[in-house]
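Based on these hints, arrange chain Z on the given structure of chain U.
2 protein chains.
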Amino acid sequence: MRLLEGGVCAVEGVSAGGARDERYGVALVEGSGPTAGTFTSNRVRAAPVKVTQRRLASGPLDGTIICSGNANAFTGERGVEDAEWMADLPGGNFAVMSTGIIGRRLDRERVDKLFGRVGPSPGPEGSRSAAEAIMTTDTFPKEAAVEGDGFVVGGIAKGAGMIEPEMGTMLALLYTDASVDASTLQRLLRSAVRDSFNMVTVDGETSTNDTALLTSTGRSGGADEDELLGAVESVCTSLARMVARDGEGATKLLEVRVSGAGTPMDARRAARAVARSPLVKTALFGGDPNFGRVVSALGHSGASLSESDISIKFVGDGEVAVAERGCPVEFDEGEAGRILRGDEVAIEATIGEGEYGATAYGCDLSPGYVEVNAAYGEEG
Amino acid sequence: MRLLEGGVCAVEGVSAGGARDERYGVALVEGSGPTAGTFTSNRVRAAPVKVTQRRLASGPLDGTIICSGNANAFTGERGVEDAEWMADLPGGNFAVMSTGIIGRRLDRERVDKLFGRVGPSPGPEGSRSAAEAIMTTDTFPKEAAVEGDGFVVGGIAKGAGMIEPEMGTMLALLYTDASVDASTLQRLLRSAVRDSFNMVTVDGETSTNDTALLTSTGRSGGADEDELLGAVESVCTSLARMVARDGEGATKLLEVRVSGAGTPMDARRAARAVARSPLVKTALFGGDPNFGRVVSALGHSGASLSESDISIKFVGDGEVAVAERGCPVEFDEGEAGRILRGDEVAIEATIGEGEYGATAYGCDLSPGYVEVNAAYGEEG
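So the sequences go chain by chain: U and Z. According to numbering that gives the first Met the number 0, numbering within the first sequence proceeds without interruption in unit steps and concludes at 379. According to numbering that gives the first Met the number 0, numbering within the second sequence proceeds without interruption in unit steps and concludes at 379.
Chain U on its own, in the form it takes in the complex (with noise of 0.2 Å):
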């Protein structure tokens, strides 16, 4: 597998393009196929979600329309007529997604004006301009793609804040020209939005409008399954990195690297308990190499495990061990403060004699969080 350049746009057949104005985003992506799709698991699903559940039954899609500065969440009927008329802008069969402020009514008028600037094109220019319009509080835009043997997998993606497992997803929207049926993309999807972004967490928040696409333009014709599964999981864990990176105030990335556990589900539970700990990313962010708050989190994580199964290492330009076996080692403070001032540091816990592993992505936690989100609303 090699990397490329050029997020979505990396797909033949994907068209994209942007445009913002002082409070609203326009993206469009064009490219037409079967999709799959996986959406929020919070009981109000904005908008676009119910437009965007309905257009994928209703046959293969053409692209996806998205509108950052308003969720279009907790909006009632007048809401999901507005995701419509938004979804028609385009002509054809188009999914749509929102961000932004819940509980205001979208600005069809904002809309229309940026839509009619968003130009898109087939170049990396284009992916890039998708993937800047989408931004709310992100600070970077967010794109991935991969060449495996004879196709290509694509995407782009925005996070920040309200971000936390047992979603969907924030959005995302990815593309592959390799030919895959509706069922099998789904299957793909599935699979790699569980450990990519379903195990970022940046405030345990989640979102009403999380919806993550995979189009398939079917362009490069069959490929590997198993390398279709892992080019998708590598452009999601990619983009789930930088979805962690970039969460709201985040000054670093964390990846807590959970092994050791009985069942799959107890050591995703254990490492997002860690990666959420509001404890552990204040610690983090001060270089604070406390690590009895990794095991307060990971006794408190609902996962089994014994105390003296527990050992933990801080990782990152270099390693240090801080427990072992359920017991404090004597470890160098200086040395485990140094790994914890860089820009990745990585959590590794050992929580028992099982086989499972996973690994979740997260942020600390700075005065940033508070100063973006206190006055978030003010901005639209």
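Just so you know, the hints here were simulated from the structure itself, not pulled from any lab data. A few of these clues could be false.
Unchecked claim - Calculated pairs, DSS-like style, for lysine-lysine (alpha carbon to alpha carbon, straight line, at most 30 Å):
| # | chain 1 | residue 1 | chain 2 | residue 2 |
| --- | --- | --- | --- | --- |
| 1 | Z | K112 | Z | K49 |
| 2 | U | K49 | Z | K312 |
| 3 | U | K49 | U | K112 |
| 4 | Z | K49 | U | K312 |
Structure of chain Z alone, referenced to chain U:
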């Protein structure tokens, strides 16, 4: 029921005292009788929790010794020996509690020295001195007492960080002079804790050390059980509100009152999810009436609800309805902001036609939470 001064020492037969140095605090509360306890649900239980559970099983307690500054958690068998040693200091069947950093061995010499200075007394100054000695990042001591018909219930507590529902609780120590057997006490405590301490969330973290004890000294004879339950609930709720208000970095108290739930568990889930939400908490800090975050938190709480049943009000000095039956309503944003900037704010949410309600206690999320926790480990 009448509020009393004097905290735990408002109960006849109870003496208390405390002492601090620059890193540790030690408190001693003396008073004999049958005792009920609730404990952390964290799979990693601290040594003092294990020892206290054994002491409770072996008969009536003579009191409790508490250490702040070191949690004596994740300290293996040596930690249990240290907790036994500490529990034996006063002589008699004493419970032991600890709070502070996890994964470091207890400094016996320091505890011993402080123990020599605790000098318990039966007056209000005794309760105050004990409540002060157990503070970690708490900014004020937490005491409450009420007088019922012929009996008194009093208690002290500590909270601040690593505070979240589904726990035994943070540290709380309650006494009553009503004569009650151990199994009735256990029923009373469990019921009161469920609606008070277990409804507090500061940061979604369940400590390894949470413990609440209720001892009956029996000095005043029998009491009406319902009235006694009301008094125990009153003291627990007062202490729980203090713990919420004094959450790390908090500038205000948040009460989330949910009604219309189909089951008591759904009501509690929904209330706690809103109180726990970092996005709701940052909006509260910023005085931003972003009710969409309340909607989203309700939606991912796990409670059964439908969007069209959700109504929300902000209540403080005045009240403002922001959503009614699934739709945003026009409201005065200035007035809503003024309410949210108050010292105590309630969010009232109706989630359906059911008959169950619950109240959760929380606080806002300020940059102070990050500041306190980015360096806590360094302070020991």
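Exercise. What hint numbers does the structure not satisfy?
Worked result: As far as the earlier hints go, not one is violated by this structure.
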